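**Student:** One letter stands for each residue in the lines below.
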Amino acid sequence: MGMTITEKILAESAKRPSVVPGDNVWLNVDVLMTHDVCGPPTFAIWKKEFGKKAKIWDKKKLVIFPDHYIFTKNIHANRNVEILRQFAADYDLPNYYDLGTDRYKGVCHIALAEEGYNIPGTVLFGTDSHTCTSGAFGMFATGVGNTDAAFILGTGKIWERIPESMRFTFSGKMPSYLTAKDLILQILGDIGTDGATYRAMEFDGEAISSLPMYERMTLTNMAIEAGGMNGIIAVDEVTSKFLGDIGVNDYKTYQSDADAVYHSKYHYDVSKLEPLVAKPHSPDNRDTVRNVQGTKLTKCYIGSCTGGKITDFYYAANLLFGKEVKVTTFIVPASTAVAKQLEEETISGISLKNIFEKAGCIIAKSSCAACLGGPSDTVGRSIDGDVVISTTNRNFPGRMGSKSSQVYLASPLTVAASAINGAITDPRDFL
Amino acid sequence: MEKKITGKAYVLGDNVDTDQIIPAEHLVYSTSDPEELKKYGHFALSSVPIEGAGLPDGGRPFISGDNYKSQYTIIIGGSNFGCGSSREHAPLALQVAGIKVVIAESYARIFYRNSVDGGFLIPYVSQVKLNDKIKTGDLIEVDLELNKIINHSDKSSYQLFPLGDVFQIVDAGGLFEYARSAGMI
Ligand code: SF4
Numbered sequence: 001m002g003m004t005i006t007e008k009i010l011a012e013s014a015k016r017p018s019v020v021p022g023d024n025v026w027l028n029v030d031v032l033m034t035h036d037v038c039g040p041p042t043f044a045i046w047k048k049e050f051g052k053k054a055k056i057w058d059k060k061k062l063v064i065f066p067d068h069y070i071f072t073k074n075i076h077a078n079r080n081v082e083i084l085r086q087f088a089a090d091y092d093l094p095n096y097y098d099l100g101t102d103r104y105k106g107v108c109h110i111a112l113a114e115e116g117y118n119i120p121g122t123v124l125f126g127t128d129s130h131t132c133t134s135g136a137f138g139m140f141a142t143g144v145g146n147t148d149a150a151f152i153l154g155t156g157k158i159w160e161r162i163p164e165s166m167r168f169t170f171s172g173k174m175p176s177y178l179t180a181k182d183l184i185l186q187i188l189g190d191i192g193t194d195g196a197t198y199r200a201m202e203f204d205g206e207a208i209s210s211l212p213m214y215e216r217m218t219l220t221n222m223a224i225e226a227g228g229m230n231g232i233i234a235v236d237e238v239t240s241k242f243l244g245d246i247g248v249n250d251y252k253t254y255q256s257d258a259d260a261v262y263h264s265k266y267h268y269d270v271s272k273l274e275p276l277v278a279k280p281h282s283p284d285n286r287d288t289v290r291n292v293q294g295t296k297l298t299k300c301y302i303g304s305c306t307g308g309k310i311t312d313f314y315y316a317a318n319l320l321f322g323k324e325v326k327v328t329t330f331i332v333p334a335s336t337a338v339a340k341q342l343e344e345e346t347i348s349g350i351s352l353k354n355i356f357e358k359a360g361c362i363i364a365k366s367s368c369a370a371c372l373g374g375p376s377d378t379v380g381r382s383i384d385g386d387v388v389i390s391t392t393n394r395n396f397p398g399r400m401g402s403k404s405s406q407v408y409l410a411s412p413l414t415v416a417a418s419a420i421n422g423a424i425t426d427p428r429d430f431l
Numbered sequence: 001m002e003k004k005i006t007g008k009a010y011v012l013g014d015n016v017d018t019d020q021i022i023p024a025e026h027l028v029y030s031t032s033d034p035e036e037l038k039k040y041g042h043f044a045l046s047s048v049p050i051e052g053a054g055l056p057d058g059g060r061p062f063i064s065g066d067n068y069k070s071q072y073t074i075i076i077g078g079s080n081f082g083c084g085s086s087r088e089h090a091p092l093a094l095q096v097a098g099i100k101v102v103i104a105e106s107y108a109r110i111f112y113r114n115s116v117d118g119g120f121l122i123p124y125v126s127q128v129k130l131n132d133k134i135k136t137g138d139l140i141e142v143d144l145e146l147n148k149i150i151n152h153s154d155k156s157s158y159q160l161f162p163l164g165d166v167f168q169i170v171d172a173g174g175l176f177e178y179a180r181s182a183g184m185i
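Heads up: the sequence lines are chains A and B, in that order.
The opening residue of the first sequence carries number 1 in my numbering; numbering runs sequentially from there.
The opening residue of the second sequence carries number 1 in my numbering; numbering runs sequentially from there.
Keep in mind the hints are simulated off the structure, nothing from the lab.
It cannot be assumed that every hint is accurate.
Derived DSSO-like pairs (lysine-lysine); straight-line CA-CA distance at most 30 Å [as the list claims (entries may be wrong)]:
no.: 1; chain 1: B; residue 1: 3; chain 2: B; residue 2: 133
no.: 2; chain 1: B; residue 1: 155; chain 2: A; residue 2: 48
no.: 3; chain 1: B; residue 1: 39; chain 2: B; residue 2: 155
no.: 4; chain 1: A; residue 1: 15; chain 2: A; residue 2: 47
no.: 5; chain 1: B; residue 1: 38; chain 2: A; residue 2: 73
no.: 6; chain 1: B; residue 1: 100; chain 2: A; residue 2: 47
no.: 7; chain 1: A; residue 1: 265; chain 2: B; residue 2: 129
no.: 8; chain 1: A; residue 1: 47; chain 2: B; residue 2: 38
no.: 9; chain 1: B; residue 1: 69; chain 2: B; residue 2: 133
no.: 10; chain 1: A; residue 1: 47; chain 2: B; residue 2: 69
no.: 11; chain 1: A; residue 1: 241; chain 2: A; residue 2: 340
no.: 12; chain 1: A; residue 1: 326; chain 2: A; residue 2: 365
no.: 13; chain 1: A; residue 1: 157; chain 2: A; residue 2: 59
no.: 14; chain 1: B; residue 1: 155; chain 2: B; residue 2: 133
no.: 15; chain 1: A; residue 1: 48; chain 2: B; residue 2: 100
no.: 16; chain 1: A; residue 1: 252; chain 2: A; residue 2: 61
no.: 17; chain 1: A; residue 1: 73; chain 2: B; residue 2: 39
no.: 18; chain 1: A; residue 1: 48; chain 2: B; residue 2: 69
no.: 19; chain 1: B; residue 1: 4; chain 2: B; residue 2: 155
no.: 20; chain 1: B; residue 1: 39; chain 2: B; residue 2: 135
no.: 21; chain 1: A; residue 1: 279; chain 2: B; residue 2: 129
no.: 22; chain 1: A; residue 1: 61; chain 2: A; residue 2: 241
no.: 23; chain 1: A; residue 1: 47; chain 2: A; residue 2: 60
no.: 24; chain 1: A; residue 1: 73; chain 2: A; residue 2: 15
no.: 25; chain 1: A; residue 1: 47; chain 2: B; residue 2: 148
no.: 26; chain 1: A; residue 1: 48; chain 2: B; residue 2: 133
no.: 27; chain 1: B; residue 1: 69; chain 2: A; residue 2: 157
no.: 28; chain 1: B; residue 1: 3; chain 2: A; residue 2: 48
no.: 29; chain 1: B; residue 1: 148; chain 2: B; residue 2: 135
no.: 30; chain 1: B; residue 1: 38; chain 2: A; residue 2: 52
no.: 31; chain 1: A; residue 1: 279; chain 2: A; residue 2: 265
These numbers come from a predicted model, not from an experiment.
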């Protein structure tokens with residue numbers, strides 16, 4: 001019987017000739033990623049449980065990014081970064097990206113891609129639910145809690161149940177008014193926030209092949225919003241070009257077999273899809289932008305691992321070029337590399353950064369910022385009564401700050417168009 | 001492991017996500033300092049919208065006043081309980097507040113794993129929807145051997161799905177205890 005790409009990678013990691021969904025297997029982990037929120041409790045559990053014998057299984061495979069609560073006066077948050085720093089110093093860790101140095105990177109999932117940790121065919125675990133983002137590189141990547149992470153830290157192993165796979169095929173040519181965000185909101189509206197619970201979500205088709213890596217990462221990033229264990233896209237020329245450019249050339253590639261068994265298969269023709277939003281307070285509360293057009297806004301937010309990549313800012317800058325925003329609009333580059341690209345990349349000779357400044361946007365430092373609310377002094381945090389449109393991934397009550405704010409999730413094109421009007425706007429009005 | 005757990009039920013709706021269970025702004029507290037740990041209990045379920053807090057009527061806070069312990073021991077949830085982030089602080093916060101068992105129609109994967117592997121609480125899956133049959137404050141007995149619950153308030157009883165493969169980890173008290181008993185570490 002054929003296997004899916006996810007099954008093949010997990011079989012290899014479990015050192016088995018084959019696996020089937022439902023099998024419980026012990027996996028050998030290639031990379032463990034953690035950050036300032038979950039790193040400190042993970043290290044505490046590891047020290048407590050392994051005691052004097054505590055040994056990091058492989059220092060080269062542990063990657064630590066402070067990114068969540070970092071530009072704040074909150075003493076507890078700053079203490080967490082201090083714990084990471086001390087841990088990295090105590091154990092002489094090569095892959096710690098310290099805040100306040102030029103090694104600082106920003107949001108972990110984007111930094112993993114930029115720093116060459118996303119290697120096709122490998123297995124990556126992270127103490128963050130959006131670890132599934134890395135699946136855009138033809139690898140298995142998923143989130144775990146602190147106890148699981150502490151176990152991996154000491155043993156390099158973890159148990160998992162082999163997931164069933166769901167296949168999402170997008171055919172046709174991407175229209176100029178659609179982005180990967182619209183595709184994943186389409187899926188979420190169709191299957192709901194538990195529509196893929198404990199399953200692999202595999203994306204393919206002509207439209208997916210045409211997407212740059214950063215757009216593919218938007219799709220795999222939000223697999224968790226459907227409850228997915230992982231999102232995955234097989235390696236093609238776009239992947240190998242991206243990896244070659246950062247010096248990663250040595251990896252195994254896998255494809256799903258033609259006779260692989262799927263839980264379900266979905267098919268979309270992108271030319272028939274429309275710009276979408278997820279209305280408050282759930283990522284699956286889908287509607288067309290046209291249906292909520294005119295909803296008055298108090299804030300716009302373009303940032304996060306979902307919507308703060310250079311491709312997202314290109315889309316937004318194209319619309320904001322020569323225009324002014326009517327409501328407070330935050331631009332939060334996910335990583336320091338993206339922040340640099342905002343200064344280097346241009347449209348008609350003007351840098352993206354300049355375009356945003358001239359439009360009246362507030363450009364913040366790279367981090368998770370208000371994507372998850374954060375301490376009260378976090379830039380962009382929502383307050384009572386706010387109505388926000390955002391390129392982030394979650395709009396649960398209180399996610400961006402106040403639980404009496406309303407958050408709409410949308411593509412960077414839709415957020416930029418809405419910023420210009422101060423009300424939710426279909427990007428086709430400007431294209 | 002205890003064979004029976006008895007206590008008052010706190011009933012919630014569908015899709016209770018980890019931001020509602022423990023809002024992100026509170027994730028800064030130490031999980032190893034016993035005093036700071038109490039904050040997790042104090043803020044547990046503090047972002048559940050008021051109309052959904054303690055069904056069927058809502059408006060019943062999980063934690064009252066300055067307490068960090070709740071009067072409730074068992075949570076009755078709906079579908080997709082614990083969706084959202086990977087924060088292990090979510091089952092931890094419920095444990096600190098005194099919750100021993102959650103019974104829901106379905107769980108998000110990471111919350112389920114965290115509950116089991118961290119030994120925080122027992123995540124049971126109910127065979128039928130229960131959050132429209134049990135009321136907040138009902139006295140519930142969970143029988144861990146027979147995988148069923150009895151609602152002493154109206155004498156009804158319901159069957160739960162057995163824990164299956166993860167029973168061994170739950171029984172051992174968490175992933176590390178299990179691995180030690182199995183000679184893995
Ligand atoms: S940007 Fe948002 S979703 Fe992404 S890692 Fe940070 S908090 Fe999580």
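**Student:** For the pair we were handed, residue 48 of chain A and residue 100 of chain B, check the Cα-Cα distance against 30 Å.
**Tutor:** holds (23 Å)
**Student:** Quick one, are residue 3 of chain B and residue 133 of chain B close enough, alpha carbons at most 30 Å?
**Tutor:** Distance ~24 Å between residue 3 of chain B and residue 133 of chain B Cα, so the pair holds.
**Student:** Taking only the CA atoms, is the gap from residue 39 of chain B to residue 155 of chain B under or equal to 30 Å?
**Tutor:** At roughly 36 Å apart (the allowed maximum being 30 Å), residue 155 of chain B and residue 39 of chain B break the hint.
**Student:** Run the distance test for residue 61 of chain A versus residue 241 of chain A: straight-line Cα separation, threshold 30 Å.
**Tutor:** The hint holds at about 24 Å.
**Student:** Keeping to a limit of 30 Å between CA atoms, is the pair of residue 48 of chain A and residue 69 of chain B held or broken?
**Tutor:** OK: residue 48 of chain A and residue 69 of chain B at ~25 Å, within 30 Å.
**Student:** Keeping to a limit of 30 Å between CA atoms, is the pair of residue 69 of chain B and residue 157 of chain A held or broken?
**Tutor:** Violated, at about 35 Å.
**Student:** Residue 48 of chain A and residue 133 of chain B were given as a pair; does the straight-line alpha-carbon distance stay at or below 30 Å?
**Tutor:** violated (42 Å)
**Student:** For residue 4 of chain B and residue 155 of chain B, compute the direct alpha-carbon distance and say whether it is at most 30 Å.
**Tutor:** OK: residue 4 of chain B and residue 155 of chain B at ~16 Å, within 30 Å.
**Student:** Please work out if residue 279 of chain A and residue 265 of chain A have their alpha carbons no farther apart than 30 Å.
**Tutor:** Holds: residue 279 of chain A and residue 265 of chain A sit about 26 Å apart, inside 30 Å.
**Student:** Take a quick look at whether residue 241 of chain A and residue 340 of chain A sit within 30 Å of each other, Cα to Cα.
**Tutor:** Holds, at roughly 21 Å.
**Student:** Between the alpha carbons of residue 326 of chain A and residue 365 of chain A, is the straight-line distance 30 Å or under?
**Tutor:** holds (22 Å)
**Student:** So if I understand the rule, the pair passes when the alpha-carbon distance is 30 Å or less; does residue 73 of chain A with residue 39 of chain B pass?
**Tutor:** Answer holds: residue 73 of chain A to residue 39 of chain B is near 19 Å, not above 30 Å.
The structure is inconsistent with the numbered hints 2, 3, 24, 25, 26 and 27, although it conforms to all the rest.
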